[in-house]
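Protein chains: 2
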Amino acid sequence: MAPKVVTKIKSTARGVHDKILKRQKPTMSIPVRNLSNVTYSPRKGYFDLKGSKKTRTLTYNTVKTFAQTLRMMALSKSIVETDDMATKREVYYVSKNWDEARFDEQPESDTVMDDVEAMFEVNREQLGFVPDEKGGDVAGALKVIDHERTTGKEIVVDCTRFGSGAYSVPVSVEELDFETSARFILAIETGGMFQRLNNHNYWQKANCILVSMAGVPTRSCRRFIRRLSEKKDLPVYVFVDGDPYGIGNIYRTLKVGSGNAAHINEYFCVPHARFLGVTPQDIIDYDLPTHPLKKVDIKRAEDMLRNDPFFQHYKQWQKAIQQMLKMGVRVEQQALAKHGLNCVIDKYLPEKIANSDKFLP
Amino acid sequence: MAPKVVTKIKSTARGVHDKILKRQKPTMSIPVRNLSNVTYSPRKGYFDLKGSKKTRTLTYNTVKTFAQTLRMMALSKSIVETDDMATKREVYYVSKNWDEARFDEQPESDTVMDDVEAMFEVNREQLGFVPDEKGGDVAGALKVIDHERTTGKEIVVDCTRFGSGAYSVPVSVEELDFETSARFILAIETGGMFQRLNNHNYWQKANCILVSMAGVPTRSCRRFIRRLSEKKDLPVYVFVDGDPYGIGNIYRTLKVGSGNAAHINEYFCVPHARFLGVTPQDIIDYDLPTHPLKKVDIKRAEDMLRNDPFFQHYKQWQKAIQQMLKMGVRVEQQALAKHGLNCVIDKYLPEKIANSDKFLP
Chain A
1 MAPKVVTKIK STARGVHDKI LKRQKPTMSI PVRNLSNVTY SPRKGYFDLK GSKKTRTLTY
61 NTVKTFAQTL RMMALSKSIV ETDDMATKRE VYYVSKNWDE ARFDEQPESD TVMDDVEAMF
121 EVNREQLGFV PDEKGGDVAG ALKVIDHERT TGKEIVVDCT RFGSGAYSVP VSVEELDFET
181 SARFILAIET GGMFQRLNNH NYWQKANCIL VSMAGVPTRS CRRFIRRLSE KKDLPVYVFV
241 DGDPYGIGNI YRTLKVGSGN AAHINEYFCV PHARFLGVTP QDIIDYDLPT HPLKKVDIKR
301 AEDMLRNDPF FQHYKQWQKA IQQMLKMGVR VEQQALAKHG LNCVIDKYLP EKIANSDKFL
361 P
Chain B
362 MAPKVVTKIK STARGVHDKI LKRQKPTMSI PVRNLSNVTY SPRKGYFDLK GSKKTRTLTY
422 NTVKTFAQTL RMMALSKSIV ETDDMATKRE VYYVSKNWDE ARFDEQPESD TVMDDVEAMF
482 EVNREQLGFV PDEKGGDVAG ALKVIDHERT TGKEIVVDCT RFGSGAYSVP VSVEELDFET
542 SARFILAIET GGMFQRLNNH NYWQKANCIL VSMAGVPTRS CRRFIRRLSE KKDLPVYVFV
602 DGDPYGIGNI YRTLKVGSGN AAHINEYFCV PHARFLGVTP QDIIDYDLPT HPLKKVDIKR
662 AEDMLRNDPF FQHYKQWQKA IQQMLKMGVR VEQQALAKHG LNCVIDKYLP EKIANSDKFL
722 P
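Protein chains in written order, with our numbering: chain A, 1 to 361; chain B, 362 to 722.
These aren't lab readings, by the way, just hints derived from the structure by calculation. Quantities reported herein were computed from a predicted structural model and do not represent experimental measurements. We put the beta carbon where it would ideally sit given N, CA and C, even for glycine. Heads up, some of the hints might be wrong.
Listed next, with one range per pair, are the computed distances between beta-carbon atoms [unchecked claim]: (1) 43/A to 655/B: 47 to 55 Å; (2) 305/A to 375/B: 55 to 63 Å; (3) 656/B to 63/A: 32 to 40 Å; (4) 704/B to 133/A: 21 to 29 Å.
Construct the entire structure; sequences and hints are all you get.
Structure (structure tokens):
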């Protein structure tokens, strides 16, 4: 991975250098990133850019941004070559030593970083730029193969051996490898539910890997699930609250990505993820306590039906969302506790997973 | 631990039962929890209750709350006896099967849980009630001794063996034990800084344990640091942003607790924690880039000087906060990146730790 990015950076930099030597105006070409500029097809599986590009030419007006873009590329090259990393915030501070090319505010450096990311059609983790927020927690039938940065020595992390604790996914997962005999990955919304399933060694009974997303999954968490599931050909089942947020934000973002980050969805989505529950139908089938939909829930659900290319693609989802709106209620994964704290382990999950072909798409 | 709580629950329940058999009105006595009702003394090291109690007598008006309190105690007893756990949200849902004693909204069940916690003078984790939010991330010279809930078998988690990942602290840490030869614990504000120190095996060079707090530390994270540092007699150095939030919220909460949870500060504070940095003086000593204090920063700093018993106790802190207000700027831990991404490892931390006696209290 690393050398490929370095090669790309060098080649672009050489292009700029050559043009300057020829006394021509150097240019860099960057895809336009825009909310309305995405398409969804189940074949691709993620929100994709429609394709237009903007060209940044070196002129009197663009000289600062142009210089900053080159500086950013140079920083990335040096980070990747030394197997180091930098957060967005650190990059902003590093620029304080770039004299006239320094950034005054972090949003400026973030924008240039996004440009570089889009220009090389990689995710910024591949450039050595890592998020400040960590990935999810993991427990179960999985060995993660990592390496020591200082010595390069291989490290095997056995995720069955953490007791009530868990493996905390690092901010960058690009170089991790995996060994597993698990049957599926269970991605869970809340830390509390993850802890319950982990404490009771559910992963052992079901032969699976548990991942705690703690709300809308971070980039690292989504990338971890994507890489693991793809490399090991594992189905991904998503277990979240049965409300517009759990379905429309958490699940949708994990599966196909989000609108405002279209140029990276390709790396961060999990196209083969399937929705285990909690579904509106589960409320009836499992006699679950509910809460009335709030105004914001109704608005979100209606938005999903009206504007979201993903839900518009699937009749089954439209039916489920309409059922939720008609019932006027939402349900949480903890609601299963009404039937005993471990009903989720003894009854709900086994019954659902036995019929995984019926999961919502 | 567990049997002690069960004994307390049984004894209180028996008191209620006996009174009823004698046809007297049963009572339960609960400490008053109140913001203005705390004191600070460095000897105790945490915000402490001044001591008044309220008595809940079974009457026509209190019958529902009284019944709910007893139900909550019974649930706790059964959870502790089966080595299980329940989140606050799950407890609320379990109550849906308590007929007339069920809770309509979670704030009601949370209040009764707080009452039970205060009544037995334990933290709710000891009652088997766990937070939904996880603790911090840990890496370094530490072995955590846990046990499998299903078999009771001991599990040893080696925190040197996570590569770029980390050990994710479970929601309840009451039963963990520790082995370590580390010299200190370094508690870090941001996930990004933690990742840098972890990737570069800083814990090996400095022989320490790294803990990522990710902002104001959760209960689990504070309790983990407290138990580990106390059991192994380790100093705790806190490395956060040099701003009123880092000092007044993150550090202060970790060290002495918070005002609105006075009955549990005893368990969740880390009285011997010391402030490594970033200090206002570091801005000068290390030539760090800063940001102007915002209105909210100034207000918070002035509040700290005027109303916070902790900062009022320490002249050194008053001086440092006044210096910050006078300079009119705040500084982030990432600002050290101006002098190179690893300046923090090669220069800042070693220099500071060599003079740990000069840390702010």
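Evaluated hints:
For residue 43/A and residue 655/B, the hinted distance range of 47 to 55 Å is satisfied, since their beta carbons lie about 48 Å from each other. The beta-carbon spacing between residue 305/A and residue 375/B, approximately 57 Å, falls within the hinted interval of 55 to 63 Å. Distance hint for residue 656/B and residue 63/A: a CB-CB separation of about 36 Å, consistent with the stated range 32 to 40 Å. In this structure the supplied range 21 to 29 Å holds for residue 704/B paired with residue 133/A, their Cβ-Cβ distance being about 23 Å.
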